Amino acid sequence: MRLIRFGPTILHVEEGWEKIIALGFGEVMDVHKAFEKSGELDTVFINSEEAILSRTLPWVILSKLIEAEGIVIRPRGVIILFRTPDPEEIKKALLEKFRGKETDVLEAILTSDSSETVIMLTKKPLTRPIRLEDIERTLILSEDVHTIYKALLLEGPAMLLNLIPEWNDIVIKLYDQTGHYLENIERISIVVEDLELGYITGAGWGWDYPRPMLKVPVYRMRLISWEDPKRIKFLLKGLEYLGYRRLCDIDVEVKGKKVSWFEIGNFKSKFELAREARKELERLLSVDALSELKEIEERLAKTI
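Following the numbering used here, the numbering of the sequence shown begins with 222 at its first residue and continues without gaps.
Honestly, I wouldn't trust all of these hints.
[Said to hold, decoys possible] Subject to a maximum C-alpha distance of 20 angstroms in a straight line, what follows is the list of computed PhoX-like cross-link-like pairs (lysine-lysine):
1. 451 to 476
2. 436 to 394
3. 489 to 451
4. 489 to 436
5. 478 to 451
6. 240 to 313
These are computed hints drawn from the structure, not numbers from a lab.
It should be emphasised that the depicted structure is a prediction, and the values quoted were computed from it without experimental measurement.
Start from the sequences, fold in the hints, and give me the full structure.
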């Protein structure tokens, strides 16, 4: 689970907008759309009305701009995205530690100095593009990005531990009567990592005893998370079936107590729950993660 990542590089074009367009760096679009589509360290040219999103490497862009005339560009503060369940409390912690101020997200993009760092706080997973609407707090910090980034890598987890003293210590148990443990472990890992449900801190084999005198192999994954265990149980239920075909059984335990499917919602059966969970998974997973998941399941379908 990632707590921080870089946002796009922002270049504020003060003069020569038409020349930037003519250089063909990328597509002209709305500022909000450019931010939503941008990835880590993409380049976004911006003026007061619209933007250009470029996938071109920054140093390639720089070389072309140096050759052009009549273009005036001001680099702005580097953006760092910070994921937290409580943006308000992390904002307070950051402003206690660093000199800076809270501001509007667009104001930060347009007015920050290149010697400053822009921190955008969100509750959304950082494994996919973030919309401006997903940003809940925005800070301009007076320190350069190298100082801030290094500090957050070291101290960001501690800030969250202070914010959430008691994280959920969750055990995911995988049972597979067909013997395709490796594929099902991979499927669980894809969901946990892509949706950033928590930190996998341990995994290994063991035995479980569903009934007296009955011993079955089980694969356990330990997950430390701030997510609701019922939410995690619901999402993982979406992996148990492929159509009407059962692929595996997945249990979720907290402090040794199993989370029952009755606790998750008003469903008539486990199959109905699994069907709704699958719909939610397919809505939430990134395109790449969903494609990888379906590829594994296609292989499983041929062998079960």
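Outcome of the hint check:
The hinted pair formed by residue 451 and residue 476 meets the criterion: a straight-line CA distance of about 14 angstroms does not exceed 20 angstroms. Taken as a hint, the residue 436 and residue 394 pair is honoured in the structure, with Cα atoms around 14 angstroms apart against an allowance of 20 angstroms. Taking the CA atoms of residue 489 and residue 451, the gap is near 17 angstroms; set against the 20 angstroms cutoff, the hint holds. For a cut-off of 20 angstroms, the pair hint linking residue 489 to residue 436 is broken: about 30 angstroms separates their Cα positions.
Taking the CA atoms of residue 478 and residue 451, the gap is about 12 angstroms. The hint holds against a cut of 20 angstroms. Note on residue 240 and residue 313: the hinted pairing is violated, with a Cα-Cα distance of about 42 angstroms set against a maximum of 20 angstroms.
Figure legend: structure checked against the earlier numbered hints; hints not met, in rising order: 4 and 6.
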